[in-house]
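Following the hints, complete the assembly by docking chain B onto the known chain A.
Protein chains in written order, with this note's numbering: chain A, 1 to 382; chain B, 1 to 263.
In case anyone wonders, no lab produced these hints; they're calculated from the structure. Incorrect hints may have been included.
[Claimed, not checked] Covered, in the sense of this in silico footprint (three residues per stretch, anywhere, with C-beta under 8 Å from a C-beta of chain B), are these stretches of chain A:
#1 32-46
#2 195-205
[To be verified] Computed cross-link-like contacts, DSS-like style, restricted to lysine-lysine with a CA-CA straight-line distance of at most 25 Å:
#3 A:Lys131 to B:Lys243
#4 B:Lys142 to A:Lys343
#5 B:Lys224 to B:Lys243
[Said to hold, decoys possible] Per the computed footprint, the stretches of chain B lying under chain A, defined by three or more beta-carbons under 8 Å from a beta-carbon of chain A, are:
#6 67-73
#7 122-133
#8 144-151
#9 192-203
Everything numeric in this text was worked out from a predicted model, so none of it was measured. Cβ coordinates follow ideal geometry from the N, Cα and C atoms, glycine included.
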Amino acid sequence: MNSDLSESSLLTTVVHPSKTTIVGSENWTAPNSARLDRLVNSLLSASERPVHTTIDMSGVQAFDTFGAWQLARLERALSEPGHEVTIVGLPQHYADLFRAVQEASERASRTKSKPRREFAGPAALGESVAKSATGFLLLLNMVGAVCAAALRSLRRPSTFRLTSMVNQLDRVAWQAIPIILLITFLIGSIIAQQGFFHFRKFGADDYVVDMVGILVLREIGVLIVAIMVAGRSGSSYTAELGSMKMREEIDALRTMGFNPVDVLILPRILALVIGLPILTFIGSMSALYGGELVAWLYGGMSPEIYLARLKEAISITHFKVGMIKAPFMAFVIGIVACSEGLKVGGSAESLGLRTTASVVTSIFLVIVLDGLFAVFFASIGM
Amino acid sequence: MGSSSEQPVISVRDLVVGFRDRNVLDHLSLDVHRGEILGLVGGSGSGKSVLLRTIIGLLPKRAGTIEVFGQDLDRADDQTRQALQRRWGVLFQNGALYSSLTVLQNVQFPMREFLRLPEHLLDEIAATKLEMVGLSRLDANKLPSELSGGMTKRVAMARALALDPEVVFLDEPTSGLDPISAGDFDSLISTLQKTLGLTVFMITHDLNSLHAICDRIAVLADGKIVANGSISTMLASEHPWVKSYFRGRRGRLLEHSHQQTPA
Numbered sequence: 001m002n003s004d005l006s007e008s009s010l011l012t013t014v015v016h017p018s019k020t021t022i023v024g025s026e027n028w029t030a031p032n033s034a035r036l037d038r039l040v041n042s043l044l045s046a047s048e049r050p051v052h053t054t055i056d057m058s059g060v061q062a063f064d065t066f067g068a069w070q071l072a073r074l075e076r077a078l079s080e081p082g083h084e085v086t087i088v089g090l091p092q093h094y095a096d097l098f099r100a101v102q103e104a105s106e107r108a109s110r111t112k113s114k115p116r117r118e119f120a121g122p123a124a125l126g127e128s129v130a131k132s133a134t135g136f137l138l139l140l141n142m143v144g145a146v147c148a149a150a151l152r153s154l155r156r157p158s159t160f161r162l163t164s165m166v167n168q169l170d171r172v173a174w175q176a177i178p179i180i181l182l183i184t185f186l187i188g189s190i191i192a193q194q195g196f197f198h199f200r201k202f203g204a205d206d207y208v209v210d211m212v213g214i215l216v217l218r219e220i221g222v223l224i225v226a227i228m229v230a231g232r233s234g235s236s237y238t239a240e241l242g243s244m245k246m247r248e249e250i251d252a253l254r255t256m257g258f259n260p261v262d263v264l265i266l267p268r269i270l271a272l273v274i275g276l277p278i279l280t281f282i283g284s285m286s287a288l289y290g291g292e293l294v295a296w297l298y299g300g301m302s303p304e305i306y307l308a309r310l311k312e313a314i315s316i317t318h319f320k321v322g323m324i325k326a327p328f329m330a331f332v333i334g335i336v337a338c339s340e341g342l343k344v345g346g347s348a349e350s351l352g353l354r355t356t357a358s359v360v361t362s363i364f365l366v367i368v369l370d371g372l373f374a375v376f377f378a379s380i381g382m
Numbered sequence: 001m002g003s004s005s006e007q008p009v010i011s012v013r014d015l016v017v018g019f020r021d022r023n024v025l026d027h028l029s030l031d032v033h034r035g036e037i038l039g040l041v042g043g044s045g046s047g048k049s050v051l052l053r054t055i056i057g058l059l060p061k062r063a064g065t066i067e068v069f070g071q072d073l074d075r076a077d078d079q080t081r082q083a084l085q086r087r088w089g090v091l092f093q094n095g096a097l098y099s100s101l102t103v104l105q106n107v108q109f110p111m112r113e114f115l116r117l118p119e120h121l122l123d124e125i126a127a128t129k130l131e132m133v134g135l136s137r138l139d140a141n142k143l144p145s146e147l148s149g150g151m152t153k154r155v156a157m158a159r160a161l162a163l164d165p166e167v168v169f170l171d172e173p174t175s176g177l178d179p180i181s182a183g184d185f186d187s188l189i190s191t192l193q194k195t196l197g198l199t200v201f202m203i204t205h206d207l208n209s210l211h212a213i214c215d216r217i218a219v220l221a222d223g224k225i226v227a228n229g230s231i232s233t234m235l236a237s238e239h240p241w242v243k244s245y246f247r248g249r250r251g252r253l254l255e256h257s258h259q260q261t262p263a
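So that you can see chain A by itself, here it is in the shape it has in the complex (with noise of 0.2 Å):
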């Protein structure tokens, strides 16, 4: 018996010609119980099942669930119609627990579970479309409610939040101005130093200035800013708000008669549609002098023929166009993202996925803004 002590010490089997007993040994725990799953595998796979077993199970120094479920398994599998099996030798406090978990396999066994999710390629394809509908009907929901909360709030001003939109502004734009600043001065940098690098080339170093002048007013800086915001403000809309859905925070400001979109989300779209103008102002301002950084130690251009050039490359009507589009894109990250919050449900990873689907869909959104807008003001020679 004891030859073969790695794997069939816990499991031993004894055939007689009248009846076969398995003699049970060692510890029937956890640690164990992968073992004994293979050797009551192999003890079952066999072919004939024995007319009477005895399971004799007072070898056995330790017995948990694991021990007992595999018990009850055997015990379950040899007494077919005809069969007989009794098990000896368990002692009582073991007994309780074997009856406990004999009769809950039972019953597990008995109810079969439906997987969760079977994947079907059209159906996947139906419903994923379906959802991108659904999901441009919220984003157009959210974008009434919001105007009809502006609207409550300037017909009655008191109930506005200015509190709460000043806080955020203080977060969406105060503290985004170290970042941004340094973001569209490099941008504006690697503009001028490109421009420098290639323009010099054919002799047409004043252009230059043109270049970095109109590109950064009328596209970068507001760009690079709306993205940065994105980023920086949309995705930390979109947790907040998830989380706070999660925890039934907006479920307890419905009830107590406040709407969500009043309290939460207005004062947020507020704070970015006037702190994004802003940043792009400040961003614009860095760029175009880090532009004028990169003339002078690079390009060999002294500050003021920079600035003189500049005069003449830009009008107002450039800065306008980039001053213009802020607002716009700020309402478009401001409502993804608000909207991608209260999608959130009870998971963690279900919050996770909205962010990622707030920032994505909001950078998205801007660039394609952007492009409509290009196409706006071309034809009105803008």
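Chain B in isolation, oriented as in the chain A frame:
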């Protein structure tokens, strides 16, 4: 009190735990013996959960020693600590189920990590454990956000019991349940305790659970254990908090029922 000669499963000595300038637990000592259900009561904010979280190592302590299974967790190396953690299960107050896993996967999680079991065995054993806490296999593929309060507690219990621990820590297991579900959960704890031979450390506010299933009650007040013993000890105690808790309006109902059952 059971066999006091035997070494206690959990032994807390002169424990001090505090936040900033306040000591929540102030030189607290408490023993939990093998195979008993200990009920810890105390006012809200008295530090019951702090004590539990300190014992299981989630909060740092300022002074004192905590020994679980005769081993000091502070001096244990990572491997010993992990081995110890496998010998206890914790039911958190709000369940703390992993929200992105299904009920079945939640119960399987510790088994999958610690025991190398084939997939079908994981499924079957987890389903059996769910049945043992009174859940049907039809609920097995739900996500935690789709469960009711009582079901969440049951799943959390099944997960706490996944590795067949010797000790379970229960943080207010019946709070938020209706009296019938609370009673069912009490009898579930008591049945599981008997069949699995568990040692149970339970924080509770439920006078009925204290009366029905706890072998011993410890009262936490002013950062110390101020009373410790059976329900009759509690009823005889002269400590003002214990008096108002067990002999207040709600406690009196219990006293009557206690007098009817001969001790």
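Structure-based check of each hint:
1. 32-46: holds (count 3)
2. 195-205: It is violated: at least three residues are needed, and the segment 195-205 of chain A offers just 0 whose Cβ sits closer than 8 Å to chain B.
3. A:Lys131 to B:Lys243: Roughly 60 Å between the alpha carbons, so the hint for Lys131 (chain A) and Lys243 (chain B) is violated.
4. B:Lys142 to A:Lys343: It holds: about 19 Å lies between the C-alpha atoms, which stays within 25 Å.
5. B:Lys224 to B:Lys243: 16 Å, holds
6. 67-73: violated (count 0)
7. 122-133: holds (count 8)
8. 144-151: holds (count 3)
9. 192-203: Check passed, 4 qualifying residues.
In summary, the numbered hints that this structure violates are 2, 3 and 6.
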